[in-house]
Amino acid sequence: MISDKHDDFTPRITSFLCKWCSYTGADLAGTNRLQYPTSIIPIQVMCSSRVDPVFLIKAFLSGSDGVLMGGCHPGDCHYETGNYHTRRRFAILKEIFDSLGLESDRLKLSWISASEGPKFAQVSNEYTEQIRKMGKNPTRKSVFL
Amino acid sequence: MSETGTGKTEMTARVGVYLCECGPNIAGKIDLDKVMADILSESDRYRNVELVIRRYGFLCSGPGKQYLEDEIKENGLTHLVVAACSPRDHDSTFMGVCARTDLNPYLYRIVNIREQCSWVITDPEEATERAATYIRGSISRVLRQSSLFEKPLEINPDAVVIGGGAAGMEAALALSSDLRRVFLVEKSASLGGGCGITMPQEKAVIEDPNVDIYLETQMSSVIGFLGNFEIGLKSADGKDEEITAGAIILAIGSDYSDPQESGRISFSESDEVHILAEAERTLEAAGDLKLRDGTMPETIAVVHCVGREEQGYCSGVCCSSSLKLAAAIRRLSPETAVTSVYRDLCLPGADGENVLRMARESGVELIRTKGTSLSGMELDLEKMDGTSEKRSFDMIIPAAAIVPAADTVSLAEMLRIPLDEHGFFKEAHRMTDPAGTTTEGVFIAGTAHGPMSVMSSMRFARACAGQVLTRLVPGERIVPEVKVTEILEAYCTGCGNCLDVCVYGAIYADTDRGISVVNEAVCRGCGNCFASCPSGALRTRHFTNEQIFREVDEALR
Amino acid sequence: MNSIVMKQDASTAIRELLAYLLSSSRVDAVLTMRQVPETGSCDLGLITDPSGMVEAEPFLPVMTANAGQALSSISMSGKRIAAVLKPCELRGFTERVKREQGSFDNLLTISSICGGVFPLEKVISGDLEKLVPRYIEKTARAEAPRGLRETCKACEEFVPMNADISVSVTEHGSLMHLHSDRAEEYTEGFEGERIEARADQSHIDRMMKSRSAAKGKLFQSLEKSSGLDGLVDLFGKCVGCHGCSRVCPICYCQHCDFESINFDYNQPYFQESLEARGALRLPPDTILFQLGRLTHMSFSCVGCGMCSDVCPVSIPVAGIFKKTGERTAGLFDYVPGRDSEEPIPVMVFKEEELGDIG
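Protein chains in written order, with the working numbering: chain A, 1 to 145; chain B, 146 to 702; chain C, 703 to 1060.
In case anyone wonders, no lab produced these hints; they're calculated from the structure. One or more hints might be untrue.
[What the hints assert, rightly or not] Below, a list of computed lysine-lysine pairs in the BS3-like style, where the Cα atoms sit at most 25 Å apart:
id	chain 1	residue 1	chain 2	residue 2
1	A	LYS19	B	LYS348
2	B	LYS571	A	LYS19
3	C	LYS926	A	LYS141
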């Protein structure tokens, strides 16, 4: 269990979860009482393809230590092809971050199906640990954004 | 509203925040009193907002719902936030409560402090803090929601069934009633389709006064959506007709692969090679299988799995059909020697072993090979022990693979539904909606969906009929999703990005005005178009940037 | 390839061709750079009268506006137009066509191997007269003239990708290459010897060498302002005028998302920012704007350099967009403006791709 107040800090991970898969997967983690850290801040959207990359930028610049995007597995999108578009948009955003020397690891895309409660908990735990190692996002305090 | 010193009138929002204890599920972990105190302590953050914040045992219970209803009315709430369980459990419950009051159900939000908070966060203090954060986010967001009004649409309960085979006839019979006409559209000159036997449904469907049968007719155009389709029909003699219906069932059946496709099998027109379905039909109609010269064949070989490798899948039904046919030939003409040549036998289901036993008992010779090729009337059998044997037969019956019908592609384009990797119509979702498609109101039954037995075809037909019966109840209206996308015309540049990403065809280009237009009755509200628009001309109701940004900002505070 | 040998210098020859197209009524109008002889001021002009051709300076090394952007709505008027475009302008236009903002239907495109353009400040300062003759000399020898736009120095796409007619200026003379049936049809009857010829590859190779070297240097210099601190330094100067997007040939939106109600800030935003950071920069979100714009169009960036040229506070926007754009387009082997049939990467997908994501 990682959720420990005595650790350095509790990251804040803005998590955009699609209604049909990832959000339901997160619910299942709850139903199974799988524990994960308080770092995850879930925001429900209908489809991961609703998540304009600008949302991720916004969450990043607003001081999210990590930004997690959860969608249905490729091929399983409730809206047929939405997550394929998500994947391209996300790849482009990561590339932009890399090219500008921004920490692209603060952005994460994960495919979590409605039945993958354990995966949701695992991704939450692992990503939180990864972000904790990276430290606080400097955008938290940066004024000139 | 309140009068301000400047004479302007400002709206005052009264936001009710109700925390459900859910017995020990929430209250046992989260200190609800602290959450309430925390939120109240910073209520001056909201301009012109009054917060009413309360807790209750079980809000989803009968008394709980009544309590909530009374609270909304007594406090004159303009917005409602319920902190309870997952929206999957009780979102609609609390929307229903709102609907019994003057509060628009779309000015309410549920906050999931159970599945995604009290149940997953070990430390009570942390869970308490987190719950307050979620609730704050939702208060901010609900204040930016707008009233939405459901617009029920009149529906046409009639259905069009494309294809008059087993599945099509079954669906037509299941649907027809005095309150619902069924238009059964068949391309060929007769009903029955490709199942090889005469189905009892055929007579029933012809006699059914509520089924209109169109023979030698095809669907030529379609516009509309669930409950309101306009379908163009074209008959073989060139006559056009337009019908209207609320749903479309695709039961166009399938074709058989060309046995010669692989190159391992070659024969000429004059050879006595007849594919399985053809032989089944002849046997059914004539009672025996004769050669072209009218004599009875002395030897017949049924070759399984022809086309399986080329198609890349097992059709799943041909082994059974092949063995049944072989046994039937033996039964009807015991003097004919019948040989079944197979590589692997696929006989799933409770009846599978019986079929094999019956074939054996009727004296069918079974030969397992590694591979079989055919040249003229001579089979080259590659035996399992490595040897090979050439044998000639009087008649050869290849069991060809089931492949998509020729019309599949054009119909898929017309109806905007995708095809699967093998070219069959693709269902909306393997698990949750196997008979539906991405176009609401269009369903798939039978082998149009993929290889399956006649029995499975009938089941799918019934499943489709069930969908239509529950979705299109005569006299009732349907309520389209209201959290859909709208276009701010002044912002639209007409680039067509949104059209390209929409799989539902819910957006079309108005070229005269140089903008895109949303058909709200077709839109499902996924928001993909919104994210594809660089002009900010699209807005998916209740998922606007402002609403999401507010929630994010509050949660990050 | 069928080519026409030009007896005079390229500018004169193209001017004559344009006049010929107008007087023979093959086109209704001509889009080209013009220079007003009396004042020396230059602009992009649409000319319908053959006599107006005296002011045409088709290859003036100046870009007052990306002509691809200017051509956008004109191309959909139904009029037949001959347009002289720099390679990046043609690519910009092609990207707009993909976004339903232009059409090749009634268009004859003329382009040339491009030596680059001077920043607008050189036009304002009146240095152009001195600079142009040296520019012609240098480019004829495949050398890099001084004082060009940064992204021009670093441009490797100086050979037009899909023009009907392209002009190559070499030591051996100037050639007009006809790339399409339309080019053959429109130039029919135009005087000049027809030969089979291609642009001088060694000339192109020499240009490419210096361009590639300059690109390496440009990208390296941008590394200095990498990371969050680097961005804050860079965009700390931004005044939020959004001039960069207004002059961008790819930014076709009539209204920019970032100026829409989607990014309309109000009191709670300011309050929160003050609470969280104890201060607030105004105008807000200059970095969000640039990052967001990169997600919208970086893969289509043609590196024309207009954005840097108009930036009042000298942010090297063009270099950043070119550098990032090459990477985002590279993810999908996309080359902006190469082919009007090539779909924009964010509009399509493959089921199997980008396996390491998610």
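Broken hints, by number: Of the numbered hints, just 1 does not hold.
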